[in-house]
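Visitor: Residues in the sequence shown are numbered consecutively from 1, following full-length UniProt numbering.
Don't read these hints as lab results, they were simulated from the structure. It cannot be assumed that every hint is accurate.
[What the hints assert, rightly or not] Label-pair restraints from in silico Cβ distances: (1) Phe98 <-> Arg57: 55 to 65 Å; (2) Asn130 <-> Thr100: 36 to 46 Å; (3) Arg72 <-> Glu92: 28 to 38 Å.
[What the hints assert, rightly or not] DSS-like cross-link-like pairs, simulated, lysine-lysine; straight-line CA separation at most 25 Å: (4) Lys10 <-> Lys23; (5) Lys29 <-> Lys40; (6) Lys39 <-> Lys23; (7) Lys68 <-> Lys78; (8) Lys106 <-> Lys87.
Virtual Cβ for every residue (Gly too), placed ideally from N, Cα, C.
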Amino acid sequence: LHYEKSLLAKYGVRPFRILIEIKRDNIEKSRAHYRFQLKKNVFLHWMWHTEDMWFDRNYKAEDFYRKKVLRRAFNALKQHYHNYVLKKQVAEDYYDLFVTNLVFKKFRRAINIVKEENERKFRKAVMYHNCDILFKTFTCWRSLPALNTLRREQEARKARWRE
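Throw the hints in and build the complete structure from the sequences for me.
Guide: The following block contains the structure:
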């Protein structure tokens, strides 16, 4: 009986205890491994989730920044074009004003030249007219004594006829 007990203890109970110890050790290892894997998976999923959120936020921020830069660039381009159109309009108006002033100056000069020419012609005509009147006056004055004698002769003839 003692021998059987010792054999049972040597070949049955001790290996069974060792097996139970190994089993407990394996259970602890599997629990530790499970906890580790659980933590690892949870933290990995959390890390992936935060990375996805971070990438999404960065994408949204970069997209917003790109859109804002494009909007600013287009607004600046529109403002620049608007200023260009205004300056071009001012330049065209100034050029038209300059050309109009130039044309009116030339027109005034031409009118003054025509006016002076007409005044010169008028003075010439007045001088010619005065000379002509003077000439006619002097010719009439020269012929006045002859006309007076002719008139006297006519009146004398009339007087003779009346008598």
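Visitor: Do the alpha carbons of Lys68 and Lys78 lie within 25 Å of each other, as the hint requires?
Guide: holds (15 Å)
Visitor: Take the C-alpha atoms of Lys29 and Lys40, compute the straight-line distance between them, and say whether it is at most 25 Å.
Guide: With a Cα-Cα distance of about 16 Å, the restraint between Lys29 and Lys40 holds, given a limit of 25 Å.
Visitor: Between Lys10 and Lys23, is the straight-line Cα distance small enough, at 25 Å or below?
Guide: Roughly 19 Å separates the two Cα atoms, so the pair holds.
Visitor: Regarding the pair Lys39 and Lys23, is the alpha-carbon distance no greater than 25 Å?
Guide: At roughly 23 Å apart (the allowed maximum being 25 Å), Lys23 and Lys39 satisfy the hint.
Visitor: Cβ-Cβ distance between Asn130 and Thr100: within 36 to 46 Å?
Guide: holds (43 Å)
Visitor: Does the Cβ distance between Arg72 and Glu92 fall inside 28 to 38 Å?
Guide: holds (30 Å)
Visitor: Between the alpha carbons of Lys106 and Lys87, is the straight-line distance 25 Å or under?
Guide: The given pair, whose Cα atoms are some 28 Å apart, is violated under the 25 Å limit.
Visitor: Taking the beta carbons of Phe98 and Arg57, is their distance inside 55 to 65 Å?
Guide: Holds, at about 60 Å.
Against the hints set out earlier in the document, a violation occurs for number 8 only.
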